[in-house]
Structures are given as structure tokens and as C-alpha cells.
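Trainee: Line by line, the protein sequences give chains W, S, B and A. The numbering of the first sequence is this note's numbering, which starts it at 1 and goes up by one. The numbering of the second sequence is this note's numbering, which starts it at 135 and goes up by one. The numbering of the third sequence is this note's numbering, which starts it at 269 and goes up by one. The numbering of the fourth sequence is this note's numbering, which starts it at 403 and goes up by one.
No lab work stands behind these hints, which were simulated from the structure alone. A portion of the hints provided could be inaccurate.
Distance windows between CB atoms, simulated [claimed, not checked]:
#: 1; chain 1: A; residue 1: Ala525; chain 2: W; residue 2: Arg92; range: 34 to 40 Å
#: 2; chain 1: W; residue 1: Arg92; chain 2: S; residue 2: Ile175; range: 18 to 24 Å
#: 3; chain 1: B; residue 1: Val356; chain 2: W; residue 2: Ile80; range: 43 to 49 Å
#: 4; chain 1: W; residue 1: Ile80; chain 2: A; residue 2: Val490; range: 32 to 38 Å
With a Cα cut of at most 35 Å, we get these calculated DSBU-like pairs of lysine-lysine [said to hold, decoys possible]:
#: 5; chain 1: W; residue 1: Lys74; chain 2: S; residue 2: Lys208
#: 6; chain 1: W; residue 1: Lys110; chain 2: B; residue 2: Lys392
#: 7; chain 1: A; residue 1: Lys526; chain 2: A; residue 2: Lys476
#: 8; chain 1: S; residue 1: Lys208; chain 2: B; residue 2: Lys392
#: 9; chain 1: W; residue 1: Lys74; chain 2: B; residue 2: Lys392
#: 10; chain 1: A; residue 1: Lys476; chain 2: W; residue 2: Lys110
#: 11; chain 1: S; residue 1: Lys258; chain 2: A; residue 2: Lys526
#: 12; chain 1: A; residue 1: Lys512; chain 2: S; residue 2: Lys244
#: 13; chain 1: S; residue 1: Lys244; chain 2: B; residue 2: Lys342
#: 14; chain 1: S; residue 1: Lys258; chain 2: S; residue 2: Lys208
#: 15; chain 1: S; residue 1: Lys208; chain 2: A; residue 2: Lys476
#: 16; chain 1: S; residue 1: Lys208; chain 2: W; residue 2: Lys110
#: 17; chain 1: W; residue 1: Lys74; chain 2: B; residue 2: Lys342
#: 18; chain 1: B; residue 1: Lys342; chain 2: S; residue 2: Lys208
#: 19; chain 1: A; residue 1: Lys512; chain 2: S; residue 2: Lys208
#: 20; chain 1: W; residue 1: Lys124; chain 2: S; residue 2: Lys244
#: 21; chain 1: W; residue 1: Lys124; chain 2: B; residue 2: Lys342
Glycine included, each C-beta is placed from N, C-alpha and C at the ideal position.
Protein chains: 4
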Amino acid sequence: MDQNPLPRIEHEVPVMFFDTDCGGVIHNLAYLRFVETARTIMAAQMGMRLPEMAEEGLYPVVLRTEIDYLSPGKFGDRIIVRGGVSEVGRVRFWVEFEVVRVDDGTILTKSRQSLALIRMPSAKAERLPREWFE
Amino acid sequence: MDQNPLPRIEHEVPVMFFDTDCGGVIHNLAYLRFVETARTIMAAQMGMRLPEMAEEGLYPVVLRTEIDYLSPGKFGDRIIVRGGVSEVGRVRFWVEFEVVRVDDGTILTKSRQSLALIRMPSAKAERLPREWFE
Amino acid sequence: MDQNPLPRIEHEVPVMFFDTDCGGVIHNLAYLRFVETARTIMAAQMGMRLPEMAEEGLYPVVLRTEIDYLSPGKFGDRIIVRGGVSEVGRVRFWVEFEVVRVDDGTILTKSRQSLALIRMPSAKAERLPREWFE
Amino acid sequence: MDQNPLPRIEHEVPVMFFDTDCGGVIHNLAYLRFVETARTIMAAQMGMRLPEMAEEGLYPVVLRTEIDYLSPGKFGDRIIVRGGVSEVGRVRFWVEFEVVRVDDGTILTKSRQSLALIRMPSAKAERLPREWFE
Numbered sequence: 001m002d003q004n005p006l007p008r009i010e011h012e013v014p015v016m017f018f019d020t021d022c023g024g025v026i027h028n029l030a031y032l033r034f035v036e037t038a039r040t041i042m043a044a045q046m047g048m049r050l051p052e053m054a055e056e057g058l059y060p061v062v063l064r065t066e067i068d069y070l071s072p073g074k075f076g077d078r079i080i081v082r083g084g085v086s087e088v089g090r091v092r093f094w095v096e097f098e099v100v101r102v103d104d105g106t107i108l109t110k111s112r113q114s115l116a117l118i119r120m121p122s123a124k125a126e127r128l129p130r131e132w133f134e
Numbered sequence: 135m136d137q138n139p140l141p142r143i144e145h146e147v148p149v150m151f152f153d154t155d156c157g158g159v160i161h162n163l164a165y166l167r168f169v170e171t172a173r174t175i176m177a178a179q180m181g182m183r184l185p186e187m188a189e190e191g192l193y194p195v196v197l198r199t200e201i202d203y204l205s206p207g208k209f210g211d212r213i214i215v216r217g218g219v220s221e222v223g224r225v226r227f228w229v230e231f232e233v234v235r236v237d238d239g240t241i242l243t244k245s246r247q248s249l250a251l252i253r254m255p256s257a258k259a260e261r262l263p264r265e266w267f268e
Numbered sequence: 269m270d271q272n273p274l275p276r277i278e279h280e281v282p283v284m285f286f287d288t289d290c291g292g293v294i295h296n297l298a299y300l301r302f303v304e305t306a307r308t309i310m311a312a313q314m315g316m317r318l319p320e321m322a323e324e325g326l327y328p329v330v331l332r333t334e335i336d337y338l339s340p341g342k343f344g345d346r347i348i349v350r351g352g353v354s355e356v357g358r359v360r361f362w363v364e365f366e367v368v369r370v371d372d373g374t375i376l377t378k379s380r381q382s383l384a385l386i387r388m389p390s391a392k393a394e395r396l397p398r399e400w401f402e
Numbered sequence: 403m404d405q406n407p408l409p410r411i412e413h414e415v416p417v418m419f420f421d422t423d424c425g426g427v428i429h430n431l432a433y434l435r436f437v438e439t440a441r442t443i444m445a446a447q448m449g450m451r452l453p454e455m456a457e458e459g460l461y462p463v464v465l466r467t468e469i470d471y472l473s474p475g476k477f478g479d480r481i482i483v484r485g486g487v488s489e490v491g492r493v494r495f496w497v498e499f500e501v502v503r504v505d506d507g508t509i510l511t512k513s514r515q516s517l518a519l520i521r522m523p524s525a526k527a528e529r530l531p532r533e534w535f536e
């Protein structure tokens with residue numbers, strides 16, 4: 001993956017009490033918020049002008065999520081999300097992210113998502129601009 | 135408050151793992167989701183057609199929230215939200231809700247919120263329809 | 269699936285403003301909250317005493333989630349979550365849920381999750397009680 | 403407030419799609435997540451070792467929140483949370499935060515919270531360590 005020329009990011013997220021549950025661990029939904037945060041920051045770096053796109057009704061929409069929960073994270077863990085675009089089609093692209101505990105390198109989750117660029121309110125997919133992925 | 139002719143509701147909400155945190159208790163933000171849920175269901179009963187209003191850019195907007203956390207709730211608690219409209223002005227109204235543990239009647243939170251009817255995107259407040267409060 | 273003897277549920281969830289985003293649709297994470305709510309209520313019906321289990325450090329933990337977003341839901345949609353247990357192993361079981369708009373029967377999401385019963389803090393999986401699935 | 407010797411922070415938070423709602427604005431609950439994030443990071447800077455405290459059952463708990471929603475924020479806004487400790491008692495302290503849009507300096511929310519240091523599971527308040535506030 002090191003030679004992958006597609007967009008990538010490594011982003012630290014703080015773990016808050018509201019990210020944990022009474023099992024004493026990070027809740028399964030919180031990891032998907034972490035991934036969305038990293039993905040959205042990466043999107044800006046790729047040249048997606050999300051606020052302007054939103055103004056004209058164009059949104060990157062998640063079509064599918066797969067996530068494996070490999071090891072439990074805890075409040076107080078230093079966490080990074082790392083990954084990026086793994087594949088690009090005509091109207092759909094895939095991203096892959098790992099959520100990693102910094103202190104010992106443990107991979108907490110691995111996830112894969114496909115997204116498309118959807119024009120609302122018609123909910124039609126648009127062709128992906130090539131320049132985002134170069 | 136028993137003779138209060140203003141709209142009221144009593145609504146049970148299930149407590150989920152994602153409502154709790156690693157302190158073993160319901161997280162402070164979850165209570166405000168519980169209150170919003172009860173308030174939104176009450177709004178429908180009052181005759182607010184929120185989906186249609188949203189279509190034309192009209193939203194009930196929270197202007198202020200005050201909430202006191204009196205006793206900790208836990209996963210597994212049966213919880214009801216009870217309360218209603220406490221005061222109505224020309225463009226602003228107030229609601230008051232208690233979140234109560236059913237088993238022993240303990241009041242977990244008491245909250246008070248003021249709301250207005252805001253037209254977007256101008257963000258102007260509209261006069262409140264009288265019939266909602268009758 | 270009608271003859272499936274494994275536990276099933278059909279549960280209505282209210283769609284709140286906090287379930288939607290500025291794209292005008294239900295946010296992708298909200299569907300997973302809807303599914304968790306239905307799954308947790310089904311677990312109680314299956315005989316899982318989640319609060320007592322939590323007291324002794326035993327939790328049903330999501331190991332993997334797959335979800336396909338098929339059609340956008342909106343604020344005001346009447347939504348049901350329907351599905352149940354689809355497969356049971358020695359320490360792992362699978363659940364499948366659809367989130368459906370009641371008015372026109374449109375399937376908004378289809379998801380599949382595997383879970384295990386994890387004892388904390390050792391994070392060891394326990395053998396699943398047979399009686400839950402009968 | 404400039405000469406206030408009590409702990410303060412100024413922290414930028416990214417606005418995500420999940421922070422907004424179908425009204426096209428940041429949802430009222432999201433601001434309280436922004437404030438909690440800034441408050442938690444400030445707590446670490448004050449010398450609160452929250453993860454270690456959590457291990458031994460000691461938590462900073464919100465007793466009361468007051469928040470005024472002054473102006474609507476949007477997806478794409480650059481947002482900072484600024485504020486800090488405003489008052490310290492024997493077992494209770496107060497924090498005040500503003501959420502501000504960077505581009506034009508507009509104050510979106512003003513909030514005030516009181517907190518105490520609670521030992522779980524007894525739910526007893528402990529005397530506040532003086533050194534945190536110096």
C-alpha cells in the first residue's frame with residue numbers, strides 16, 4: 001500500500017466520554033464517526049469543496065460500509081485513523097481505514113466503504129471528477 | 135401543573151448502550167436526545183406538521199436549554215420523559231421536561247427549553263400559531 | 269425467511285432531527301442506531317438479561333457490520349426495523365435487519381452483523397447459551 | 403476575562419455532516435459535543451488524569467448545563483470553542499464556553515456548566531484538588 005498513489009490521510013482523533021459505553025470501551029458507532037471525520041478532512045485535501053457542493057445539492061454519500069471490530073479501545077487511548085482511497089470507478093469509489101491505538105500499534109478496527117457523488121433531491125449519482133484522485 | 139391546559143406528554147424511551155458512557159451511567163447528552171424525542175412526538179400531537187414545515191423551510195428551533203442532572207441513570211433503567219409546554223409568548227415558547235426512572239420514581243434530570251419557529255434560510259422568527267397551544 | 273424459527277423482531281423507530289443531516293436525509297450512522305435499538309429490544313425478548321449481564325461484565329459485542337444504503341430516508345418517514353438472528357455458531361451469531369419506510373415499503377438499508385458474548389475486562393468470548401436461540 | 407488566572411482553552415473543532423440536521427444547520431446537541439471536547443482537552447491540560455481517574459472510579463460529572471443558541475452554524479464553518487473555568491467552589495466548579503465561527507467572529511452559542519468530581523459507584527462528590535485551578 002506504500003506506493004499507492006491514491007489520496008491518503010493519517011488523522012488523530014480525541015476519544016471522549018460520549019465515545020464510550022458502560023462496557024468500559026469505545027462504542028462500535030464511535031469508530032464510524034472517527035472514520036467519517038478522517039474521510040471528510042481527506043476529502044477537503046483531495047479538492048472536494050464539500051460546503052460549496054452542499055450548497056448546490058451535491059453530496060458524497062456512503063453506499064456500503066464493512067467494518068471489523070478487532071480489539072477494544074478505551075477512554076484515554078490515543079487513536080489515529082489512517083487509510084485512504086483504495087479504488088476508483090466511474091461513479092463509485094472505495095475507501096479503507098484502520099483505527100489504531102498509537103501506544104502499542106494495535107489495530108482496533110478495519111473498515112471499507114464505498115461512496116458515490118449524489119445530486120439531491122433527485123438522488124442521481126454523478127460521474128466522479130478525475131482530478132480528485134490524482 | 136396538573137391543571138395546566140397546555141400540551142403535555144409522557145413518553146417512554148429505551149436506554150441503549152450508546153446512551154451510556156464508561157462511567158457506567160447514562161451520558162449527559164443522551165438525556166437531551168430523550169427530551170428531544172418526547173418533544174418532537176408531542177409536537178406532532180399538538181398539530182405541528184414538522185415534515186411539511188421542514189419542506190417549506192420552517193423549523194422549531196431551540197433557543198436556550200437549561201438542564202439539571204439530579205441523579206445518575208443506568209443501562210437497563212426504564213425511563214420516561216414527562217412534561218410539556220409551560221409558557222407561550224408571541225414568538226417564543228417554553229417547555230419543561232423531567233426524565234424519570236419508572237421503578238422508583240427518581241427524577242434523573244429536570245430541563246427547561248425555549249424554542250421559536252424559525253424560517254430558513256433567513257433565520258427569522260415567525261409568530262406562533264395559537265391553535266398549537268389550545 | 270417466514271419459517272425461520274430463530275428470534276425475530278419488527279420495531280418502529282421515530283426519526284428525529286438529530287438523525288438527519290444537511291443533505292436533507294437520514295445520516296448513515298443513524299440507521300445503525302435504529303438497528304442497535306431493535307437488536308437490543310429483541311435481545312431482551314430472547315431472554316438476554318443485558319443489565320444483569322452488564323453488572324457481571326458480560327456484553328454482546330459487535331464483531332463485524334456490513335450495511336448497504338439502498339435508498340435515502342427523510343425526516344417524517346415512518347420507519348420500521350425488521351429482522352433477526354440469521355445464524356448461530358458456538359461463540360458467534362449473526363443478525364440481519366432491514367430498515368423499511370412504512371408508507372411505500374421501500375427498503376432503505378440492509379445490514380448484517382456478527383456478535384459474540386464477551387467477558388470484560390479479559391475480552392474473552394464465551395460459549396453462547398443455546399436457550400436464547402430456541 | 404482576559405486577566406482571569408483560571409484555566410482556559412481555545413480549541414478548533416471540525417464540523418461534520420453528522421453535526422448538522424435537515425434544517426441545514428448545526429444541530430443543537432452537536433454544540434454540546436464541541437464543548438465537551440474542548441472541556442476534556444482542557445481538563446488534561448489542567449492536570450486531570452482522566453483515564454487514570456476513570457480506572458479508579460472518579461469522574462468529572464456535569465451537574466447543570468445552560469446554553470443559549472445565538473446564531474446558526476453550518477457545515478463548512480470553521481469553528482472554535484473558547485472559554486474555561488469561571489468559578490471554583492469546594493466541590494463544584496463552573497466553566498463557560500463560547501462556540502465561535504472563525505470567519506466573521508460570530509458567537510454561535512454561549513454556555514455555562516457546573517461540574518463536580520464524583521466517585522462511582524457511590525455517586526459521592528469529592529473535594530476538588532486545588533492544584534487543578536492554579
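Trainee: Compare the structure with each hint and give your call.
Mentor: Results for each hint:
no. : hint                              : result
1   : Ala525(A) to Arg92(W): 34 to 40 Å : 51 Å, violated
2   : Arg92(W) to Ile175(S): 18 to 24 Å : 38 Å, violated
3   : Val356(B) to Ile80(W): 43 to 49 Å : 36 Å, violated
4   : Ile80(W) to Val490(A): 32 to 38 Å : 35 Å, holds
5   : Lys74(W) to Lys208(S)             : 19 Å, holds
6   : Lys110(W) to Lys392(B)            : 20 Å, holds
7   : Lys526(A) to Lys476(A)            : 40 Å, violated
8   : Lys208(S) to Lys392(B)            : 24 Å, holds
9   : Lys74(W) to Lys392(B)             : 16 Å, holds
10  : Lys476(A) to Lys110(W)            : 30 Å, holds
11  : Lys258(S) to Lys526(A)            : 45 Å, violated
12  : Lys512(A) to Lys244(S)            : 20 Å, holds
13  : Lys244(S) to Lys342(B)            : 30 Å, holds
14  : Lys258(S) to Lys208(S)            : 40 Å, violated
15  : Lys208(S) to Lys476(A)            : 34 Å, holds
16  : Lys208(S) to Lys110(W)            : 30 Å, holds
17  : Lys74(W) to Lys342(B)             : 34 Å, holds
18  : Lys342(B) to Lys208(S)            : 31 Å, holds
19  : Lys512(A) to Lys208(S)            : 29 Å, holds
20  : Lys124(W) to Lys244(S)            : 45 Å, violated
21  : Lys124(W) to Lys342(B)            : 16 Å, holds
This entry does not satisfy hints 1, 2, 3, 7, 11, 14 and 20, going by the numbered hints stated previously.
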